[in-house]
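Engineer: Residue strings, one per chain:
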Amino acid sequence: MTAPSAQLLGEIGLDPSWSHTVEVPSHDEKTHRWHYLDRPGLDDSAPTVLCLHGNPTWSYLWSRLLHELNAEFRVIAPDHLSMGYSEQVGARRYRDRVADIKDFVDALEISRPIWLVAQDWGGAIAMGYAVAHPEKVAGLVLSNTGIAVPEGRKAPRLIQISASGGLHRTITRNTALFVRGTAFLPGAGLTSQQRKGLVAPYMHRNQRDGIGGFVADVPFNDKHESFNDIAQVAAQLPNLNVPVRLWWGAKDPVFNDDFADDLIKRLSDVQIHRVANSGHLAVLETSIATFVENTISQSQSVNSQGVGANEITESLWSRIASPSRQNTLAIYDGADKSSVKFSDLDSRVASFAQGLIQQGVHSGDRVAVLVPPSIDLIALVYACWRIGAVTVIADRGLGIKGLGRAVKSSRVQHVVGVRAAVVAARTLRWAARATFIDLKSLRNSMQLEGLSQLALAEPVADDLAAILFTSGATGPAKGVRYTHGQLGAQRDILQAVYNITDPDSFVAAFAPFALFGPALGITTGLADMDVTSPATLTAQALDDACRATGATMVFASPAALANVLKTATTNLSSLKQVRLVMSAGAPVPIETLRQMTRLCPQAEMHTPYGMTEVLPVADLSLEQREAVGEGAGVCVGKPVNNCHVKIVAVDGGVTELPHGETGEVVVSAPWMSLGYNRLWLTQQKARFASEGLTWHRTGDVGHLDSDGNLWIEGRVVHMIHTAQGSVTPVPLETVCETISGVQRAAAVGIGEPGIQQIVMVLETDQKNENVASAALTVQVRQALGQVDVVAVWETKKLPVDIRHNSKIDRTALGQRMQKVLSGRSK
Amino acid sequence: MKVLVTGAGSLLLGGIAQQLAERGDHVVCFQRRTTETMHQNITMFAGDIRDRGSVTEAASGCDAIIHGAARVGVMGSWEEFHSTNVDGTSNILRAATEHQISRLVYVSTPSVAHVGDAIEGDIATPATTGRKRAYYAESKAQAEILALEANGADLGVVAIRPHLVWGPGDTQLVGRIVERARQGRLVMVGSGNALVDSSYIDNAMSAHIAALDAVTPGSPCAGKAYVISNGEPRTVNELMSRICEAAGVEFSPKHVPAVIARNLGSLVERVWPLFRKDEPPITRFVAEQLGTAHWFDQRPAQNDFNWKPTVSLDEGFVRLAQWFAQTA
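Going line by line, the protein sequences match chains P and A.
Quick note on numbering: the first sequence equals residues 1 to 826 in this note's numbering.
Quick note on numbering: the second sequence equals residues 1 to 328 in this note's numbering.
None of these hints come from the bench; they were simulated from the model.
Hints are not guaranteed to be accurate.
[What the hints assert, rightly or not] Cut-off 25 Å, straight-line C-alpha distance, at most; resulting in silico cross-link-like pairs (DSS-like, lysine-lysine):
1) K819(P) with K254(A)
2) K196(P) with K265(P)
3) K251(P) with K566(P)
4) K440(P) with K341(P)
5) K196(P) with K337(P)
6) K767(P) with K254(A)
Same shape as in the complex, but just chain A (with noise of 0.2 Å):
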């Protein structure tokens, strides 16, 4: 199978292009800076998602997709985030329709369907859309929508929304948190019992894979979107702490209120921006997701595409403590 993967240059989907190439797949790495090819049976494609002539172009002879170019973050302006994310979705889609491709995964995240209270055990909602900033969250939920509804007799369309992604390597979660204990600046919101599921990285892999095995037109996950994590929810501050334990720096965070935590991420989102240009320390939906339960039914991941994680929370750690001890 001949796959595009868009987004190559994060850690997911990079992992992702990496593992089709080595068990061989003819893999298409679509991204706007090229890197060294890491396998033979990996192809560079330089070029902007927002592109349509290009992204048509690289989408050629493929016949299949894993789209993950997104813009992330909190900064920018609603046009930024629209032109990368919901059109870059329009893109992909029409390359697919052009070159009769007829699997499609799309990256999503559970963000798209968040609405702020206590998820406790749910199946992945529906995306919504309408949010007044969170342009991160709005785009890509309508992105997820317009690629979800492409899905059809000719193209399979699923979408995966892979939970709090941690792993060796990721300087998202896990190296913003490290980064933070090591300064003493660590924040805990609320109580820090809030449940919530997370995804150690090679779990996050195999389920876009197992998805894209799956999806033909008509399949049980066509059509569909799906919450997925390694299925074993613990509290916020057991993740919090046990990822600092593994990075060997002391977990000792300051407590803020839940209450005061998400007004505090509202203001900080619409003042930060104003003076600097990196991402802000807390933002409502952090402080959301971690001060509220969020965990999913991963039963539906199962039946549908036969998807189980395969590496234990356990085991993870014990992977991203050896990855720091290399490291260091």
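So that you can see chain P by itself, here it is in the shape it has in the complex (with noise of 0.2 Å):
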């Protein structure tokens, strides 16, 4: 076959436009035939990416590219010899076809740099490329693809399958299992139109024989002709002086994380972005344009600096060794009545540092901590802190499938954890090569006194300590990581915040804010509930921790204080003695925190805002927020001491917008996140350098008052674009939560942006859920007067997110009300 018909390249989606034959003197002396497929960027000087596909595949592989990337590049995606509608020639050797990519560079007389983007097999041969012509190649940009078979690891099972012996022909050419099956592995899945481009040109036996040869020129053994030649290129790889980008479907059974792995220890300049849903064919499944477009201009930049707290003031783990309080309880758990003091906790860190030690943990591993909120977990993160090891943190809140999703992402080379957890893990192929630690074999171990025991280099600041995770209300959750300096800064902020002193003791109903506890120095009490529900929170168990604490302090969200409020009874004496609430995770009600002061007489209501990646960035007292009255959207008070906030323009602005208008709220404080984990695209679009500091895009829309108050007016992603202009929604929900019987709100658009429509959708006692009575939709339109709302629902209960139980999600809802009003659903 020489080339495709355009009715099959229009059929499958491709410009037959882009469709070209070219004679090739190649390096074997010979002339070969190369179909390729070129995208023509806007003029001659465009700079050229080159696309190299795999096996089975051919250029369509690139067919998203080839439509998405800017046309300010030119994209060439070539057939390899033998493979799609190239020219036949036999099995060809990894070395052969190598020098192929220079004979077809050279004859397409492409003379600038080129960024090579290139998958699976594809992937090896632009590596040798590059490191055979390195004054040839800007950067790669490369996707589940591999040089060697990582340390520790078997080769690809499905590959070597398909390579041994008699099933090696039955697989990859007698029948078309290899070809069809490659578009049926484990991913987003393709449309059925991307399935019939994938196998186009493999639907006859003799179109197969180059499939055949590539997967036979996988070197299995040292024995191999190809062995020696990839050996090489891998050893090269250091010395490659180029940026190299990892754009990783995370479901690939054959190139999985592990490759992904080896690639980032042998480059030097190498980022990875990790893409959760997707799988091998990652390049055709999800859009990688905005990726490549990135990766090219970043290359032109400077790479932003690092971030925040460089030096530590005081070790996260100090206090718990403070001489003065070692008879002092350090902790209360709720939940089973337990308790130590900083003596007992001091030990117990020391033990499970030295046990963790003993198990192969080092540092800078880092270790998944699957264990409830108890004492045993608050002390084995200080243990895992104190070693320089990292801990990787997901709650049960994220839902047994997010935490798989957080701890795979986080490539952990150890797991800590109850049985139960460490089974489940095991089963799950969360981490499959990870060291697996029971928590009995640490107890078991208890030998120090205390820390001052350990003779052992403390972490510097910049050293890595933990990963958090997002709440993932839309979409995977994402991890993100602190430094040792970063998580000291924070300890500071919330210290000097809320005039925390020895004296003080708290009770956390989120776990991950406990932590903080020993670092504070502070008695720290958890209270009996469901972590996995924060509504699950009684009046009488937040007392009752209270009570065995003497707390000053109590930190829940929303939805735990509001289900604390349902449960209230008469005789909470110990909630009498607290001083401070704190509560935060999403916007709390007002009456919430009124109704709040009853049961806690003496205690000032606070309201920190911040999110995963920077808290607190502001705070707000009930007091304050009384003063400052109604306006746009929920008021969260001033930028807490030393942190930078500023609105700049929602198309990823930089500089500030005009005081009171509003726009996306970007924050830079000492005690911000490093950034996010293994998700490359989603850091350089989420920070950025301006002014000497670096800025974290927190993804809200709000504005600054003239009292310097910021209003939060939304996420981004949530905002309306209407024809008249561009609309937030919370400032239009806190109008029409003030009607009576609504008990939340939410402001949909539905449409294209630009002519977005709005749909408010309400929470009543409706108990159908339906358009709005017509007196309830006057009301609605009364109260928010200027914009228009097509359409008023009521429904009995919002989509919100698990571990808050408060975030709408507005996007699906939008969904929802557009298929509702199309007239196609009820």
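Mind assembling these two chains? They're in different frames, but the hints should get you there.
Structural biologist: Have a look at this one:
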């Protein structure tokens, strides 16, 4: 077959004008006919992106990139010889394939350095070309590929089977199993058009010679002809001086995370973006264009500098061993009514630390801590910190699936936990080759008196301490990296903002927050509750924990406080002693705080504002909130000391908008996290440098008022872009929530951005969800005045996230409303 | 400017003629049955749009044409629809050429491009042809294509497709809904939750006039079609109930599932003409119109001929209620 027909190209979504053939003089002294796709750039000076497919695919693999990549670039995607529609030349060795690319590049007379984008064995060929011709290569974007079988791992079993003896020909040539199977590998799934496109050149067995040859060229042992060639390329990778970016489908059973790690170890300028829901064909399943564009533009600018705190004022664990507090209660666990004094905690942390070392945990290792909130959890986390291990803290609030995805994405070397969790992690293959450490074994090895007995270097400020997870209210939870310096700075700012001193003690109904107790050197109480569901915190459980700890402070999510109020009785004497109630995680209804004041008459009610990536950003007391009054959105108070807040344009602006204007909230603080874990593209979009600081884009939209108060008006992704302009949801919602009978409101847009229409969805007592009554509709429209609300809908329950039970998924709600208002469903 | 307005017997075109006259334009109203002129700037011209001679004569001395004469409804043969709507438009185009008229507004309908799926924020898509029944939509579509093809260096042509026009005096939408509601025969297709655009009559008029003023040869709107509406889509339920409210009649429709309504509509369309001479109670087109979302991007009209609706839905319903109160 010489070239795909225009009809076929049209059917599989390729522009027929992109398809070309060229006679290429070869290093083997013959001339070979190549088929390639060529999408021209804006002009002749456009930088070239050269895409190399793997096996058993062809240049069609790049169809999305060809369509989606910015027209500033020229995109060329050849079919390797014996593959796709290029000449059948029989089996070809790795060495020849690398030389083939040079032949092809020379024939096309591409003079300026090229960006290589490659997948599967195309990646190995691209790396071979890059080390052989470094002057010709500007950088590489690699997806689900490899250069060597990673240490401690066997060759990908699927490939091994395909390459072994008799099966080899059956699978790769005589049947279309290999070709078709590739299109059905686990991942986000392909459209039927994409599947048709992938297999198009391989429908007859004589077209599949190249595929078999390709598989036969995978060297599984050092006797193989190509083994040395590939090994040499692998050995030269550390010398490669160009940026390499990895776009990694996490569900790939062949080139999995181990291969990514192997490449990361070998390369100097390398970053990874892991695509949780995608597989081997991530470049076709997902849109890679923005990633490629970012890679290219980033290589032309300086990398953003490190973030924030570069000194540790005091280590995170230093106060555990404070001599003055040895007999003070350190932690009380309401679930089993157990407790430890600081001296016991000191001993437990030290012993756990020693136990971890004995079981092979090294400084810098990542450790998943799968222990429910308890004294042991807190001790374990501090033990990891002490020895310089990185704790991966994912709470059950993410759900089992989310938890598994979080652990998997963190590439932990060790899993520590209670037996059930360790078994689950092992059976569900969250961390295939991690060591599993039973918490019991650590407890049994208790032997040290305290941390002072550990003769061990302490981690420094820039060392990674923890990976925490976002709530994942929209899409998979994201891992956020914190250094020791950043966590130390976070402790210091919390202490300063809330005047936390020795006599204080606190009860936390939100596990990650409880971890800060020992660092602050204060007594910490864990209330008896189901941690996966904040709304299970009862007033009695909270009061009990306060009594046991003599609590002066309480931290609980709004949903937890709501249940405390619901279950409140008259004899909650210990709550009366509390001086500070903090609630965060989602907007806190003012009524909740007012009612809490009745339970805790001495307490100031505070609502810190922040996110997993930076916390706290701002703080507001109930008193201040009442003084501020109503406004557009929810007031979250003034930025805390040393935290810079500015408002920029929502389309990725960096300069501050005029005062009072609405835009994206960006922040910078010494306690800001280092950034995301293995999500390079997300990181690039979320962080930017300006005015000598590194800023974090919060994804929240809001404004600063004339007193310097920050008002949050919703999420950038939930903005409604109407023909009359952009509207933020929260100001509309707060107005509707003043209408009697309306518990909660959500403003959503339907239609395409730019012409969206506004629909208000109200949570009321209405049993059947339906369009609101004419009277209520009129009330809503009158309350909102200037904006046009096309429809008002009533529902019993708005969709909210698991962890906080309060973040409304407006995107999903908008899609549902669009369906309802299309007339297609009720 | 001297403007030929065809089809001025209708509420929309009659109103347009009146407004043009009031602002000082000279208007020639081309109608089958002439009525008394309502303004000194209006000249009546009796004629049949199918008669090329009288069309050419009426257009003599005009600078612009608003062509709204059409056969509507579902009753009648294809030949009848074709001769009035398609041949009639050809006659208008010839007259425009003959008299070197440089502006033409073709009064079209959203049904020329309607395919039955939900439309949510689209712009006007090109008219399509090839319908088997639906003679009205088919003939209007063929005529719109003819008219827009005539757009060129000497003649600017724009097609305006007003979406669900209603207002005081409207017998088509308002009249039928109110009459059926009075008789307790009002039918709601599907859930009634489909979001639809509508046009208050004054806005529909001002859109045509704005298009007329803008459509010189080569202007941004020349050669294009626009769906115009109030830009305030509402559920079918809300629109119907507010019309009933304005008329002071009870709104308690019988619900008919959308799929049944469509099939019933098709059936009725075929069977009804065998027995009756009036318009049937439901047609497939109406069933689809009322059962699925239809709202449009209003930015092209604003950008290309600087038109925005001036009467809001709320204000429109107030005026409708006042009108019902006065005529009662």
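Engineer: Does the alpha-carbon distance linking K196(P) and K265(P) stay inside the 25 Å limit?
Structural biologist: violated, 37 Å
Engineer: Could you grab the alpha-carbon distance between K251(P) and K566(P) and see if it respects the 25 Å cut-off?
Structural biologist: Since the Cα atoms of K251(P) and K566(P) sit roughly 44 Å apart, the hinted pair is violated (cutoff 25 Å).
Engineer: Straight-line Cα separation of K440(P) and K341(P) no greater than 25 Å?
Structural biologist: Measuring from Cα to Cα gives roughly 21 Å; hence the hint holds.
Engineer: Keeping to a limit of 25 Å between CA atoms, is the pair of K819(P) and K254(A) held or broken?
Structural biologist: holds, 23 Å
Engineer: Does the structure keep K196(P) and K337(P) at a Cα separation of 25 Å or less?
Structural biologist: Since the Cα atoms of K196(P) and K337(P) sit roughly 62 Å apart, the hinted pair is violated (cutoff 25 Å).
Engineer: Are the Cα positions of K767(P) and K254(A) separated by 25 Å at most?
Structural biologist: holds, 22 Å
Going through the hint list in order, the structure does not satisfy hints 2, 3 and 5.
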